[in-house]
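Let's have the full structure, built from the sequences with the hints guiding it.
Given next are the chains, with one letter for each unit.
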Amino acid sequence: MVSKPVLTGEMFTQGDIAAAEGAIAAGCRFFAGYPITPATEIAERMAYRLPLIGGRYIQMEDEIASCTAVIGASYSGVKSMTATSGPGLSLMNETIGLGAMTETPMVLVDVMRGGPSTGQPTEASQGDVMEAKWGSHGDYEIIALCPSSVQEMFDLTIQCFNLAETYRVPTFLLADEIVGHMRERLVIPPEDKIHIVNRKKPTVPKEEYLPFKPDKNLVPPMAVFGQGYHFYATGLTHDERGYPEMTAEAQLALIPRLCDKIRKNADKITQAQTEQTEDAEILLVAFGGEARSALRAVKDGGEQGMKIGLFRPISIWPFPKKELKNAAASAKHVFVAELNYGQLVGEVERVIRSEVPVHLIPRPCGLPHTPDQILDEIRRGLQ
Amino acid sequence: MTATRAAQTTAEHPLLSYIRRDRFPHIYCAACGIGIVLNAFALALQTLELDLDKVTLISGIGCSGRASGYFATDGFHTTHGRAIAFATGVKVANPELKPVIISGDGDLFAIGGNHFIHAARRNVDMLVLCINNFNYGMTGGQQGPTTPEAAITVTTPFGNIEHPFNLVSLAAASGAVYVARWTALHARQLTKSLEKALQKKGFTFVEVVSPCPTLYDRYNRLGTGLDVMKRYRDIAVVRNFSDPMKAEIDYRTRIVCGEFVDTEKPEFTELLARQATELQKRGEP
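Those protein sequences? They're chains A and B, same order as listed.
In terms of the numbering used here, the first sequence is residues 10 to 392.
In terms of the numbering used here, the second sequence is residues 42 to 326.
Each computed DSS-like pair below joins lysine-lysine, with the alpha-carbon atoms no more than 27 Å apart:
#: 1; chain 1: A; residue 1: LYS210; chain 2: A; residue 2: LYS273
#: 2; chain 1: A; residue 1: LYS316; chain 2: A; residue 2: LYS334
#: 3; chain 1: B; residue 1: LYS322; chain 2: A; residue 2: LYS13
#: 4; chain 1: B; residue 1: LYS95; chain 2: A; residue 2: LYS210
#: 5; chain 1: B; residue 1: LYS306; chain 2: B; residue 2: LYS233
#: 6; chain 1: B; residue 1: LYS242; chain 2: B; residue 2: LYS306
#: 7; chain 1: A; residue 1: LYS209; chain 2: B; residue 2: LYS95
#: 8; chain 1: A; residue 1: LYS215; chain 2: B; residue 2: LYS95
#: 9; chain 1: B; residue 1: LYS95; chain 2: B; residue 2: LYS242
#: 10; chain 1: B; residue 1: LYS271; chain 2: B; residue 2: LYS233
#: 11; chain 1: A; residue 1: LYS222; chain 2: B; residue 2: LYS95
#: 12; chain 1: A; residue 1: LYS308; chain 2: A; residue 2: LYS331
#: 13; chain 1: A; residue 1: LYS273; chain 2: A; residue 2: LYS334
#: 14; chain 1: A; residue 1: LYS330; chain 2: A; residue 2: LYS316
#: 15; chain 1: A; residue 1: LYS225; chain 2: A; residue 2: LYS215
Think of the hints as simulated: they come from the structure by calculation, not from any bench.
Small disclaimer: the values here were computed from a predicted structure and weren't measured.
Here it is as structure tokens:
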């Protein structure tokens, strides 16, 4: 059974394992990683599963090496992934910039724990929201999806691969320790029901191939090593041939495109869940593991007579601006509950502007809010 | 005579097919040793008639780090120090490929030192060609992990007090299956060494001591590029298969060159493949 790529059926399992299974179902056949709590179970599952299905697992000497090896494997034509938590992500940021600059399809699972520094290794956090987006220097865009359940650890990992392949961009499954270590039911569909996207290959003769010449959707088709294209890629600013080019023109041709291929296609990437938002005067925004408490709070609040709805961004980057605006149409107060000291709230404020008050309900302690704590904070905010 | 000379100047360089012509002129200073090393590498590719589709050139950052961009193979220019980690991903994902890393002493052994020792320990099939010019050239001649004691650089203006790495000893201790050192003067031996290393399956390491006429050699008053080559002639000795721990490298007195290790041991991606085949034969675990 475990020697099949897609383990169709039902299982009671952990979020981290679901992410590993999602990756394999999406076609991932290379994993490089370094042990770190609370993401280690993903590496352990990959080390066990990949050799049985023709894939390769390697434990590298650190997270910098892991993330770099993922780029090397992706450029060699294999869908590739790594998984880590905050301290590892901090090391990977150098290479995430390289992945963005060389337009590498790659997936990173970040199971967030408390920080900064070594912080709270075994406790939950949502403190890497901004690091995922802004962690490397310079201007670039990434994609990040946030799962709220074991099922979504599986489903969204597949989507991460599809998005990474479509847009040639580092893509995050931005999970927290709650969903990473939680155990619940996972349903894995039959292989032929799983939608898989593969990167666009070059269609021109090998001699005419320009590795960084974009198609209409701003994404260049991708050749891989070993097939005779003899192409070159660099972390330096480069022209369409991939050659280093230290001019203002080259930077202007490249950097806006790296951002715009995500920004201009955002409508095809963003997704969010709404509950009871119609006529809601209070809009509660929460994501990931915290959204589970928030959903309960919204249901309880509704039963207690509050006009309250939930907005759960599933894609955090790009942020679902239009979806939030729609969900907040009738809102008089917006509350943001997150397991940090205020990160996504800034993005919510950018969308809401100062039309209605935006309140933060932070909890940077390793534990999620209880639904009652959220409702208490909302009542206090309304006074 | 005139006719012969005309014929010579219009004839194509015999190694031109290995080079990206549209990348020239290159960035290297006159009398730099990197050109000699790249020529030796191209000659080795030509002699072995390797399938260029399967050679992946990878480098880090620095003068030598630009080398990957001058060859007409697949190439990748990583972040500083990460060429070997990248190459590990390439080799594991597609074992048909032969990664070749051309990079400098600072890139490979300061910021990239950890990747070097671990790839050697795992014995991942790749050739690491280190051009050692004793300093960081690209950034203006700073002290690095191979800068000799007492040498002057822009960041050791009063003389270097650090003990440098002996790279061949480090490579041998880390598990490389082939280890050699030459200077840029030893062009023929270097070419032969590269041929040998390219044919071996496993982690192979070739160090080339190279002039840096613009920075290191100037700060240390070693004369012109030609003077440095003459110095190599005077102080370099070949001691094949001597103890790499004792392979001195002192630009003033003695540089011990030669092959130090040539051995066999199971290669990493072959071991991975062997284990996977055995697992699949055995059936469900």
